[in-house]
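Novice: Residue-level listing of the chains:
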Amino acid sequence: MNKLLLIADMDVQTWTYILVGITFTLYIGIAIWSRAGSTKDFYVAGGGVSPLANGMATAADWMSAASFISMAGIISFAGYDGAVYLMGWTGGYVLLALLLAPYLRKFGKFTVPDFIGDRYYSKTARIVAVFCALLVSFTYVAGQMRGVGIVFSRFLEVDINTGVIIGMLIVLFYAVLGGMKGITYTQVAQYCVLIFAFMVPAIFISIQMTGNPIPQLGFGGELNDGSGMYLLDKLDGLSTQLGFAEYTEGSKSTIDIFAITLALMVGTAGLPHVIVRFFTVKRVKDARKSAGIALLLIVILYTTAPAVAAFARTNMIETVSDQPYEEVPEWFKKWEGTELVVFTDKNSDGNIQYLAGDAFLKGDDGKWDFNQPNLNNNNELYVDRDIMVLANPEIAKLPNWVIALVAAGGLAAALSTAAGLLLVISSSVSHDLIKKIIKPSISEKGELIAARLSAVGAVCVAGYFGINPPGFVAAVVALAFGLAAASFFPAIILGIFYKRMNKEGAIAGMLVGIVSMLLYMMKYKLGWFDAELPDKSEWWFGISPEGFGTIAMMLNFIVSITIMKFTKAPPQEVQDIVEDIRIPSGAKEAIQH
Amino acid sequence: MKNRENAKGYWRDNIKYVIILLAIWFAVSYGAGILLKDELNQIKIGGFKLGFWFAQQGSMYVFVILIFVYVRLMNKLDKKYGYDE
Numbered sequence: 034m035n036k037l038l039l040i041a042d043m044d045v046q047t048w049t050y051i052l053v054g055i056t057f058t059l060y061i062g063i064a065i066w067s068r069a070g071s072t073k074d075f076y077v078a079g080g081g082v083s084p085l086a087n088g089m090a091t092a093a094d095w096m097s098a099a100s101f102i103s104m105a106g107i108i109s110f111a112g113y114d115g116a117v118y119l120m121g122w123t124g125g126y127v128l129l130a131l132l133l134a135p136y137l138r139k140f141g142k143f144t145v146p147d148f149i150g151d152r153y154y155s156k157t158a159r160i161v162a163v164f165c166a167l168l169v170s171f172t173y174v175a176g177q178m179r180g181v182g183i184v185f186s187r188f189l190e191v192d193i194n195t196g197v198i199i200g201m202l203i204v205l206f207y208a209v210l211g212g213m214k215g216i217t218y219t220q221v222a223q224y225c226v227l228i229f230a231f232m233v234p235a236i237f238i239s240i241q242m243t244g245n246p247i248p249q250l251g252f253g254g255e256l257n258d259g260s261g262m263y264l265l266d267k268l269d270g271l272s273t274q275l276g277f278a279e280y281t282e283g284s285k286s287t288i289d290i291f292a293i294t295l296a297l298m299v300g301t302a303g304l305p306h307v308i309v310r311f312f313t314v315k316r317v318k319d320a321r322k323s324a325g326i327a328l329l330l331i332v333i334l335y336t337t338a339p340a341v342a343a344f345a346r347t348n349m350i351e352t353v354s355d356q357p358y359e360e361v362p363e364w365f366k367k368w369e370g371t372e373l374v375v376f377t378d379k380n381s382d383g384n385i386q387y388l389a390g391d392a393f394l395k396g397d398d399g400k401w402d403f404n405q406p407n408l409n410n411n412n413e414l415y416v417d418r419d420i421m422v423l424a425n426p427e428i429a430k431l432p433n434w435v436i437a438l439v440a441a442g443g444l445a446a447a448l449s450t451a452a453g454l455l456l457v458i459s460s461s462v463s464h465d466l467i468k469k470i471i472k473p474s475i476s477e478k479g480e481l482i483a484a485r486l487s488a489v490g491a492v493c494v495a496g497y498f499g500i501n502p503p504g505f506v507a508a509v510v511a512l513a514f515g516l517a518a519a520s521f522f523p524a525i526i527l528g529i530f531y532k533r534m535n536k537e538g539a540i541a542g543m544l545v546g547i548v549s550m551l552l553y554m555m556k557y558k559l560g561w562f563d564a565e566l567p568d569k570s571e572w573w574f575g576i577s578p579e580g581f582g583t584i585a586m587m588l589n590f591i592v593s594i595t596i597m598k599f600t601k602a603p604p605q606e607v608q609d610i611v612e613d614i615r616i617p618s619g620a621k622e623a624i625q626h
Numbered sequence: 237m238k239n240r241e242n243a244k245g246y247w248r249d250n251i252k253y254v255i256i257l258l259a260i261w262f263a264v265s266y267g268a269g270i271l272l273k274d275e276l277n278q279i280k281i282g283g284f285k286l287g288f289w290f291a292q293q294g295s296m297y298v299f300v301i302l303i304f305v306y307v308r309l310m311n312k313l314d315k316k317y318g319y320d321e
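Just so you know, the protein sequences line up as chains A and B, in that order. The numbering of the first sequence is our numbering, which starts it at 34 and goes up by one. The numbering of the second sequence is our numbering, which starts it at 237 and goes up by one.
It is possible that some hints are incorrect.
[Claimed, not checked] Listed next, the in silico DSBU-like pairs over lysine-lysine satisfying Cα-Cα at most 35 angstroms (straight line):
(1) A/K598 <-> B/K252
(2) B/K280 <-> A/K532
(3) A/K400 <-> A/K366
(4) A/K139 <-> B/K252
(5) A/K139 <-> B/K312
(6) A/K532 <-> B/K316
(7) B/K316 <-> A/K315
(8) B/K252 <-> A/K601
(9) A/K139 <-> A/K315
(10) B/K312 <-> A/K532
(11) A/K601 <-> B/K244
(12) A/K601 <-> A/K569
(13) A/K569 <-> A/K558
(14) B/K312 <-> B/K244
(15) A/K367 <-> A/K400
(16) A/K532 <-> B/K252
[Said to hold, decoys possible] A short, non-exhaustive set of chain B residues, derived as facing chain A with CB atoms under 7 angstroms:
(17) V254
(18) W261
(19) S265
(20) G282
(21) F284
(22) F288
(23) Q292
(24) Q293
(25) S295
(26) M296
(27) V298
(28) I303
(29) Y306
Worth flagging that the hints you see were computed from the coordinates, not collected in a lab. Owing to the predicted nature of the structure, the values given are computational and were not obtained by experimental measurement. Ideal placement from N, C-alpha and C gives every residue a C-beta, glycine not left out.
Working from the sequences, and respecting the hints, build out all of it.
Specialist: Okay, structure coming up:
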């Protein structure tokens, strides 16, 4: 047997171990090479990162396991409505580039609470900002650690908890050792891995289904099956035939789509782990440029995802709908084992009827109970959304190495985001809390040790939530954006564009914003105030908790400006700071002060 | 005093650019992709209904272009007012 044949014959598991092994060695090597020697290295990678490297790192930081694995799946089930994530998670970068990044870079400190604390000349403002930053980052990172665990467990066949622990150890290793510097350069490598892993299967499938190698064009192209039909027309037809909403129409109300998109955009621009990225470049013009590069790199994946969603959806419906259960393909059996697809033969005809409606009922714990078919409809198939990306290469019968590549990509996406968030948490604790509030006299060396210790602490807390996810964490992760939109965004924007804005206004605004967002979330998402979760019809203005960040942000703006009108103007030196950050030249390095 | 005037002029031009670019940002996403979606869906380009295309593809391309246009405009403005470095 010749060598080539051997490689072609290697099974998915072997390929997965090889590819994951190579990429992990690479990350760890980079972390050792670029370890941090000073607090400046640790917080802002020494401040000398090139715009291209920063753009790649920002893109990897930004695209989590959710973007890589879940987003295409969500879109393939939500159709048009999925656009809220696509526009929401990219449009925020326009706000970031035009309204925030250049000025925050010129301001030249380490963290977001640094800016709030100095601009609003107040310890209270700084403490409120630290509290918001920790709240946002923890809700977000808990979900990421769980994501890391799930990816490990699916591909390496260990259980989820073991997966979380492996993930913790790896993140711990390079976040603690390398700080921002280590993270930045590993993220550059992780971006390359994840984009390659996402694009290869997408291109294969696009060629298979439409003959066009560019998925973004194949998406609007004609099918390859000789029917001459457009892919999207076919999918609209299949969807309505099976009782789903038309794929290109969706089912959410216009106002809710509007509110969710805006909350996600503004939230993106207000997320501390994204903002802090722009402190790592040298000049103000580099900050602008690297926001553009980051978005370009993100958009490559984000414009491919809806195409993958449509391909996968069509493929899946055609493979399973009305087919005899006895003859399902290999992948179906494999993912049945992990309960990502579950079939129940309600009408005992031996065929799979895949229709609109929930195939099963939920148990008391709010999870699906696969022993209890839902007899109110005729749908016999439960399909987990994640399968759209995970199983897509298998559904399309792609080679084994492509299937394994998806595993390496998913892990790169999950690890890079988790590491970026942990860094924000640790710098909030060591810099904003310890250095700025509790013990200003701490030495540089002491602060670096504190930063490393808080990174360890943060990994442990995140890992704990990854292993024992309280029911509410999963529900709350999507709302981290609402929290960021409701708290930071107005305070930073007003701080830059409105010289008269003072501490009284900003503090009151942040508090009103974050508290109203939390209350709405508790009432309409978690149902803590009522015997059961209130119905959609009770939502304010028909806006879901995911979209409420938009309302809370407006409240923040209104309260800030009103209170400001009745209190005194900020001192002259603060007004001078504002004048100064508006001018791009003379950006000092991010300094201790 | 001259310094002050210079800074004010720079800031005014900057705000003008930002307002124009954000108007386009709003028009492609919230306008074409959400509010006018149904009207635009009457028009078809290839296999795409136009409103759907803006929501899931077009708006994102425009976002990228907007940032790079802003980068160019601001680099020019920096030079004009002597803030280039």
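Novice: Does each hint fit the structure? Answer for all of them.
Specialist: Each hint, compared with the structure:
| no. | hint | verdict |
| --- | --- | --- |
| 1 | A/K598 <-> B/K252 | holds, 26 angstroms |
| 2 | B/K280 <-> A/K532 | violated, 48 angstroms |
| 3 | A/K400 <-> A/K366 | holds, 22 angstroms |
| 4 | A/K139 <-> B/K252 | holds, 20 angstroms |
| 5 | A/K139 <-> B/K312 | holds, 18 angstroms |
| 6 | A/K532 <-> B/K316 | holds, 24 angstroms |
| 7 | B/K316 <-> A/K315 | holds, 21 angstroms |
| 8 | B/K252 <-> A/K601 | holds, 29 angstroms |
| 9 | A/K139 <-> A/K315 | holds, 10 angstroms |
| 10 | B/K312 <-> A/K532 | holds, 25 angstroms |
| 11 | A/K601 <-> B/K244 | holds, 24 angstroms |
| 12 | A/K601 <-> A/K569 | violated, 43 angstroms |
| 13 | A/K569 <-> A/K558 | holds, 10 angstroms |
| 14 | B/K312 <-> B/K244 | holds, 16 angstroms |
| 15 | A/K367 <-> A/K400 | holds, 21 angstroms |
| 16 | A/K532 <-> B/K252 | holds, 18 angstroms |
| 17 | V254 | holds, 5 angstroms |
| 18 | W261 | holds, 5 angstroms |
| 19 | S265 | holds, 5 angstroms |
| 20 | G282 | holds, 4 angstroms |
| 21 | F284 | holds, 4 angstroms |
| 22 | F288 | holds, 4 angstroms |
| 23 | Q292 | holds, 4 angstroms |
| 24 | Q293 | holds, 6 angstroms |
| 25 | S295 | holds, 5 angstroms |
| 26 | M296 | holds, 5 angstroms |
| 27 | V298 | violated, 9 angstroms |
| 28 | I303 | holds, 4 angstroms |
| 29 | Y306 | holds, 6 angstroms |
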